[in-house]
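Chemist: Below are the chains, spelled out letter by letter.
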Amino acid sequence: MEVVRIPPFELFYEEHKDPVFAHLRRLLGQGAEDAFQETFLRALRAYPELRNGRHLRAWVFTIATRIAIDETRRHRPTTPLPDDFLPETEDGLPPHAELGPLTDELPPKERAAVVLRYGFDLPYEEIAAALGSSEEAARQAASSGVRRLRERSKNS
Amino acid sequence: MTSVSPELDTRFRSTAAEAGLLDVAYDVVESPLGELFVGISDRGLCVISYEAEPDLQVERLARGFGSRVLRSPRPVDPARRQLAEYFEGKRKQFDLDVDLRLARDFGRTVLEELGRVPFGEVTTYGALAARAGKPRAARAVGTIMNRNPVPIVLPCHRVVGANGSLVGYAGGLERKQQLLRLEGALLA
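Chains as they are written, first to last, in the numbering used here: chain A, 128 to 283; chain B, 6 to 193.
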């Protein structure tokens, strides 16, 4: 895979801060500001370890997603997710108000794939980069995650 | 698209510096000589440049000091304040740590000697070379002055030719004159 130079953090931050904030806003509403700060502080801590600048958007979105999921779990009773959080999927899975907690029990890889695909609408290529796996594996993780969720909703 | 408010942006930039996560914090500082690009590393002042266009400087700093370069005004405040005092004629000596890690061997020795040339005085390239232990290296000293990472604070403007001519300055001769005039080292 082609290795892309890691840009200075200033350029990385300027390029991604608005989209990351918009997504956190969509997920968390008013709580987005703290999550935004936490996301970029975490990115800053991990930044020296990065070896490839190719999929930085997926990388920072993954960090933001994890933080948002943890945040929704902490505040579940008081801050429900907006209803439009989970768009209707091609599998006909109903839009779901609480993707974060809903996916809690999925294996981590499936959970990340589902959230990135259906919560953030990322293409599989970027999800693969975020998960450190192939595009095919990312696609499979998302679809088996969705299958698992569907089975669980049937049983409950 | 929802965008980050200036308050949130400032908050992140300050917190990043306070958490000690930056290789270099920088800001653009106003001065009578025009805008100055000023960078602070964990060891101290590492760059002052008359070339205030950040993109180029940011890339250069990332190569030299590490990729975590971020505009963050607060760490720059002590340098900003001392520069303002200097330009107002209220300060003759800077009290700032300087990070010379990118300068090697003779270059470093020369820059350290340069830091001892007092306010309002001038010396020559040859005299500075001699003080750094290589009396015949006047020309090399000229090159080192030209690449001085922190002009003004390390006063390369106080170094002139043996015949008293100003010779050169990375920020342009006009700025060199302005600085020497400010320090009362030039009569006209």
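Simulated from the structure, these hints should not be mistaken for laboratory data. Among these hints, one or two may not hold up.
Stated by the list, open to error - Distance windows between CB atoms, simulated:
(1) Arg181/A to Arg86/B: 38 to 44 angstroms
(2) Asp102/B to Glu129/A: 25 to 31 angstroms
(3) Ala149/A to Ala89/B: 34 to 40 angstroms
(4) Glu129/A to Gly177/B: 40 to 46 angstroms
(5) Glu126/B to Glu176/A: 44 to 50 angstroms
Unchecked claim - If you only want the chain B side, here are some residues facing chain A, beta carbon under 7 angstroms, derived:
(6) Thr7
(7) Leu13
(8) Ser19
(9) Arg76
(10) Val122
(11) Phe124
(12) Val127
(13) Thr129
Beta carbons are placed, not taken as given, at the ideal position from N, Cα and C, and that holds for glycine.
Chemist: If a hint holds in the structure, say so; if it does not, say that too.
Modeler: To see whether the hints hold, each was checked on the structure:
For the pair Arg181/A and Arg86/B, the beta carbons lie near 42 angstroms from each other, so the given range of 38 to 44 angstroms is met. Distance hint check for Asp102/B and Glu129/A: the Cβ-Cβ separation is about 41 angstroms, which falls outside the suggested range of 25 to 31 angstroms. About 38 angstroms separates the C-beta atoms of Ala149/A and Ala89/B, a value consistent with the hinted range of 34 to 40 angstroms. The supplied range of 40 to 46 angstroms is met by Glu129/A and Gly177/B, whose beta-carbon atoms lie about 42 angstroms from each other.
Evaluation of the 44 to 50 angstroms hint for Glu126/B and Glu176/A yields a pass: the beta carbon distance comes to about 49 angstroms. A distance limit of 7 angstroms between C-beta atoms decides the matter here; for Thr7/B the minimum to chain A is near 4 angstroms, and the interface restraint holds. For the restraint placing Leu13/B at the interface with chain A, the shortest Cβ-Cβ distance is roughly 5 angstroms, inside the 7 angstroms limit, so the hint holds. Look at Ser19/B: its Cβ only gets to about 10 angstroms from chain A, farther than 7 angstroms, so that hint breaks.
The beta carbon of Arg76/B comes within 6 angstroms of a beta carbon in chain A, closer than 7 angstroms, and the hint placing it at the interface holds. For the restraint placing Val122/B at the interface with chain A, the shortest Cβ-Cβ distance is roughly 33 angstroms, beyond the 7 angstroms limit, so the hint is violated. Among the interface hints, the one on Phe124/B is violated; its C-beta lies about 34 angstroms from the nearest C-beta in chain A, farther than the 7 angstroms criterion. For Val127/B, the shortest C-beta to C-beta distance to chain A is roughly 37 angstroms, which exceeds 7 angstroms, and the interface hint is violated.
Given hint, Thr129/B at the interface with chain A, is violated; its Cβ is 38 angstroms from that chain's nearest Cβ, farther than 7 angstroms.
Violated hints, listed in ascending order, are 2, 8, 10, 11, 12, 13; each of the other numbered hints is respected by the structure.
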